[in-house]
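Trainee: Go ahead and model the full structure; you've got the sequences and the hints to work with.
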Amino acid sequence: MTTPPVLRVRDLTTRFHTSHGTVTAVDGVSFDVARGETLGLVGESGSGKSITAMSVLRLVPKPGRIAAGSIELNGADLLSLDEEEIRRRRGTECGMVFQNPMTALNPSFSIGWQMREALSAHDGGENAEARIHQALADVGMPDPERQAASFPHQMSGGMRQRVVIAMGMLNEPQLLIADEPTTALDVTIQAQVLNLMKTLTRDRGTALLLITHNMGVVARMCDRVAVMYAGEIVEEAPVDELFANSRHPYTRGLLRSIPNPDRPRQKTPTLPGSPPDMSRLPAGCRFRDRCVFADERCAKHPDLLTVGDRHKARCWKTQNGETLNDIPATEGA
Amino acid sequence: MFRMIVTRLIGVFFVLLAVSALVFAFGALIPGDLTSVIVGQEGATEEQFEAVRQKLGLDKPLPVQYVNWLVNALQGDFGTSPITGRTVATDLMQQIPVSIELALLTLLVSTVIGLPAGVIAAVHANKRLDVLIRMSLLFTFSVPIFVIGILLLLVGSRWAPDLFRVSYTPWGEDPVMHIRSMAMPLLTIAFPITAMTMQMTRGAMLEVLHNPYIVTARAVGVREKRIQYLHALRNALPPIVTFIGFQLGILLGGLILVIHAAPRRENPLRP
Amino acid sequence: MATDGTTPLLQVENLKKQFHVRMRGARENRLLRAVDGVSLHLEAGETLGILGESGCGKSTLARLIVGLEGPSDGRILIDGEDIWAPGAAGRARRRKFQMVFQNPAGSMNPRRTVGASVAEPLQAKGVRNTAEAVERMLTLVGLDPALATRKPHQLSGGQQQRASIARALIADPAIVVHDESIASLDISLQAQILNLLLDLQQDLGTSYIFISHDLAAVQAISHRVIVMYLGEVVEASDSTAFASRPLHPYSIALRTATLLPDPAHERGRGDTALRGDVPSPMNPPSGCRFHTRCPLATDLCLQQKPLLRDAGGGHLVACHYAEAETQAAETAEEAL
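Chains as they are written, first to last, in the numbering used here: chain A, 1 to 333; chain B, 1001 to 1271; chain C, 2001 to 2336.
Some clues are possibly wrong.
Derived Cβ-Cβ restraints for the label pairs, each shown as a range [claimed, not checked]:
hint	chain 1	residue 1	chain 2	residue 2	range
1	A	H17	C	K2151	22 to 28 Å
2	B	R1008	C	Q2303	44 to 50 Å
3	B	I1145	A	E129	50 to 56 Å
4	A	S80	C	R2112	49 to 55 Å
5	C	A2089	A	P282	53 to 59 Å
6	B	M1004	A	P61	37 to 43 Å
7	B	G1203	A	Q266	50 to 56 Å
8	A	P282	B	M1135	42 to 48 Å
9	A	P272	B	M1001	46 to 52 Å
Below, a list of computed lysine-lysine pairs in the PhoX-like style, where the Cα atoms sit at most 25 Å apart [to be verified]:
hint	chain 1	residue 1	chain 2	residue 2
10	B	K1225	A	K62
11	C	K2096	C	K2125
12	B	K1127	A	K62
13	C	K2151	C	K2125
14	B	K1055	B	K1127
15	C	K2016	C	K2096
These are calculated hints, taken from the structure and not from any lab test. Just so it is clear, CB atoms sit at the ideal spot from N, CA and C, and this is done for glycine as well.
Mentor: Here you go:
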């Protein structure tokens, strides 16, 4: 009936083995990204969203290792491929855009050279110059020929990020993974870059896995959202549903933590406490210590279950049909 | 860029001036002077002593001596060695080509071995291959040069007597012998330099390999070896190249002395 | 707040700061006008928000106000007196300022305990027994006083920043300058710290200058707001007026670029982003510095720099087309 998803992740588990102990940064995460769809992966520090993104292309930095699960990209399980096979898919089937444009490009080589590397890594040698100039024009760079010859330090943050996006899309992948692509940019430039990404992915039908901590970005860019906390997905829903009718206390708290620019000098109701120490996770629900709705049920670790139309949540309360009434007046300070 | 090179060269001139003055001054601090070497310790009369002193110009005040020397030096006259009887200039002309050749060869060998060794060590950091490379090279670095030299002599004379010929044969005479004669000093000096090159490369590469742009290169599918030896190494080069340049200077200066090595009170600076 | 003609707590008059910069390979030095004629004032117990993006000079301004650097021109007066008066008098005035920095981990000495770092300003004043004050301050900022014996790296980012705030407040300064002090924290923690700052201001009466690129954060905490662009103030008003009616095209652009957690609204908005990059502060555009990116720019804007003028009710704006803008911007938004 429907086309298979471009990316299908099942029970992904990534661990870090350090001298201080083992941290399970990603714990049994599953999600799909359909063709042309934008899935937002939202969370704060320690949620595991960045490691999830890195795991897809097996770029997890040492001492991290993917311990379990399957990652199907265009039907092939990436975790069962050898080094060369996965290298061939990097950039061609799945591209990546990273967070900090100031450090994402090699300072010793021109950006044209770096883009040519992206092409020749996959035997795309012919017509390289033309393709590079076209790619730069597509991301809105004025004067592509001159830009191709320049070096990263000659460009602003916004321009560098455009180059990174151009490199990510150069080999026309079916999936683009963007890890906090605008966090390091000025707000007015952020708007430009987000618009660019939205246009590009829409025009080419590219699926987009967007990692962010900014709910405004989610509202602007995403079709569906998965909220992560302490290495797990705690809620998953279409974007309108998530904002209007969130079914996990963490999501609810996160949405309320955003100060309203139209109402100055108002206290922002927010979550108490801070994200947990990933090397010492509590038993039971991982959000329990910060949850205003917690009760005895939460001593047992909840599964991620359906609570509505394409809406899943990891919470005993909402799975039981109960609603999250207005949070009692605790404002974390 | 051109301006920078010219400025640096002018700077070199002034540095040389300052260094020569300093060395001259330190030489003056050595007790006694050259006269006693030339004349001999006993059997010379006061007048003979003074006569030689005057002839050498050693009775004039120090700054004047220095200026005399400098004027002569700038004209190419470095004086005559009282011990060998030859002019210092002749001595230098003999030694310099050998020194340069040895220095360049040493650098070539140490870079060709040390650079890739450092890259491999960095890529496999803290694993077996890295530990192996580091331990073996740093062992040679820790052992004093003369011990290595003697060890090589022993080993060489036992296992490959032909390979290690101690006396120098110029290129013109016999190219093969020439290379053989260079082999021993080359090996002696090359080990520690290789170790240092490896260590510097490893350190610089480790820093570079942690950078996000390396991850970007991987993410677009560039092959791993290419990332190491091109994308990463290119950024690691500045400290390594500086180090190699430094080594060249030390080698040139040090080798001249090594070749000249004899415990004499040689003072080529005095006119 | 004080409208009875008394001198404001802080007065900054036409402040300028220039740097001589030698670009790589360039022949001469260029002049970087980081802060180019900024005036502002701050009343006791009030928060002034300074809003701007990179290159606007807000960090330099922060350092000038706190007295970490001296200005190239202009004056900074606290209680009516110049903070750069020579000798002990000037030093005493500069001690009335404290600063909280952006990077919580980097702003504390990693080799000293948190308690020692927090006690420092008090010790600098000559106070000997600081233990009690440290304990009181840590509790006030919501930290367990037992953390005083730990080193900074043993605390989380949010805890480190609370400790920085404790350190800033312990010597009872008149003014605390926050230079992007919450930018590196998680969202839930940002909201916690903003709430904390509001509470502390109510309890202690300290005045804040809150510098940030985040419009929502600035609005959450400020009584009044000024907007900076390339070293100059382009708009100044109280936060309520700024929320309901920003006047300068740049302020409007900042406002529209601030995404709201409302999918329907964001989808319906279309592409209203400002075009172009921020010009280099070393080579600012002629006339109105914003004219290169402004949707309303005309030849007048290119030739003549607009001065800050009162657009009604103390709402200052530096634009030739101030009132016309809000209508034009609203029309543009509706059209999309």
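Trainee: Each of the hints needs a verdict: does it hold here or not?
Mentor: Hint by hint, here is what the structure shows:
1. A:H17 - C:K2151: 22 to 28 Å: Check passed, 25 Å falls within 22 to 28 Å.
2. B:R1008 - C:Q2303: 44 to 50 Å: For R1008 of chain B and Q2303 of chain C the Cβ distance comes to about 47 Å; the hint holds.
3. B:I1145 - A:E129: 50 to 56 Å: holds, 53 Å
4. A:S80 - C:R2112: 49 to 55 Å: holds, 51 Å
5. C:A2089 - A:P282: 53 to 59 Å: holds, 56 Å
6. B:M1004 - A:P61: 37 to 43 Å: holds, 39 Å
7. B:G1203 - A:Q266: 50 to 56 Å: holds, 53 Å
8. A:P282 - B:M1135: 42 to 48 Å: With Cβ atoms ~45 Å apart, the hint holds.
9. A:P272 - B:M1001: 46 to 52 Å: violated, 60 Å
10. B:K1225 - A:K62: Holds, because 18 Å separates the two Cα atoms, which is no more than 25 Å.
11. C:K2096 - C:K2125: holds, 11 Å
12. B:K1127 - A:K62: With a Cα-Cα distance of about 13 Å, the restraint between K1127 of chain B and K62 of chain A holds, given a limit of 25 Å.
13. C:K2151 - C:K2125: holds, 23 Å
14. B:K1055 - B:K1127: violated, 68 Å
15. C:K2016 - C:K2096: holds, 21 Å
Violated hints, in rising order: 9, 14; the structure is consistent with all others.
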